[in-house]
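**Q** Protein sequences, first through last, are from chains W and B.
Quick note on my numbering: the first sequence kicks off at 2 and runs consecutively.
Quick note on my numbering: the second sequence kicks off at 100 and runs consecutively.
Some hints here could point you the wrong way.
Stated by the list, open to error - What the simulated footprint calls covered on chain W by chain B, stretch by stretch (three residues with Cβ under 8 Å from a Cβ of chain B suffice, anywhere in the stretch; the number is not a length):
#1 4–17
#2 25–34
#3 55–65
#4 68–75
No wet-lab data here; the hints were simulated from the structure.
A virtual CB, placed ideally from N, CA and C, is assigned to each residue, including glycine.
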Amino acid sequence: MLTCKELTEIITDYIEGRLTLFQRISFQLHLGMCRHCRAYLRQMRLTVRTLGKMPTMSVPQDVEQELLKRFRDWKR
Amino acid sequence: MKRLLAGEEAAFLELVRTHHGRLIRLALTFVADRSVAEEVVQETWLGVLNGLRSFEGRSSLKTWICRILANRAKSRAVREGRMISFASLAESDGEDEPAVEPERFTSAGRWSQPPESWSGDTPEKLVLREETRAVLDEAIAELPPIQRAVLTLRDVEGVDSASICNVLEITETNQRVLLHRARSRLRRKLERYLKKV
Chain W
2 MLTCKELTEI ITDYIEGRLT LFQRISFQLH LGMCRHCRAY LRQMRLTVRT
52 LGKMPTMSVP QDVEQELLKR FRDWKR
Chain B
100 MKRLLAGEEA AFLELVRTHH GRLIRLALTF VADRSVAEEV VQETWLGVLN
150 GLRSFEGRSS LKTWICRILA NRAKSRAVRE GRMISFASLA ESDGEDEPAV
200 EPERFTSAGR WSQPPESWSG DTPEKLVLRE ETRAVLDEAI AELPPIQRAV
250 LTLRDVEGVD SASICNVLEI TETNQRVLLH RARSRLRRKL ERYLKKV
């Protein structure tokens, strides 16, 4: 039987779809019975999704102008 | 892509604005200096323009750009005599840091201090808060370089893991272990922060 502690160590492989069939079944069985681990999985997913929504630093004006100039040269 | 090839400036600006900051973050995992990173990213954009017409779309545009960046950054680091191979870093990143503090489990491996629900928080709401972004940015900056590179590529940029292994020249297993450590660290930071607010 998978413990909570073990679950927190294979959770990335679960999210990335890299567990074997047997591991995945144990993982899901455990989740079905353990609300704490369900909360943990939600936290991990939220962390990952939040990272994907991180805004990027803005591009400095002069850099943008220079790149645009290069783009115009490239078009020709 | 079509708009780019048609020479539409708006499409090019959109591409630059979407990726520039992230590319700088990624470049900083190869070179130490911010101004060098900026140069490398500019060189990358020129490389993108040079290759755009022959880009065959076998990988996604994003992956292709990241690969150009990695190559430029690597040769730059080599020139400056400070190239660290990611493969060797991946090997040496061996300390077995647990995903969660061991004291939060009973001796039988069950939660004794379980995670609290973050319900009501969506990624959109979280990133809207400037403070959360600062927490994440800082946490990313504190990661060991190789973990930072993997996490930035996979979760911030959304690059698939096969391409990451290719760009960083590490094995698939290493990639997953590094990603796991990095994500676990970031979750811990977020948890600590969300407990306070």
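**Q** Checking C-beta pairs, does the region 25–34 of chain W have three or more residues closer than 8 Å to chain B?
**A** This one is violated; 0 residues, fewer than the three required, reach chain B with a Cβ under 8 Å.
**Q** Between the region 4–17 of chain W and chain B, are there enough contacts, at least three residues with CB-CB distance under 8 Å, for the coverage claim to hold?
**A** Per the Cβ count (10), the hint holds.
**Q** For the region 68–75 of chain W, count the residues whose Cβ lies under 8 Å from any Cβ of chain B; is that count three or more?
**A** holds (count 6)
**Q** Do at least three Cβ atoms from the region 55–65 of chain W come closer than 8 Å to Cβ atoms of chain B?
**A** Coverage by chain B holds for the region 55–65 of chain W (8 residues, Cβ < 8 Å).
Violated hints amount to a single one, hint 2; each of the other numbered hints is respected by the structure.
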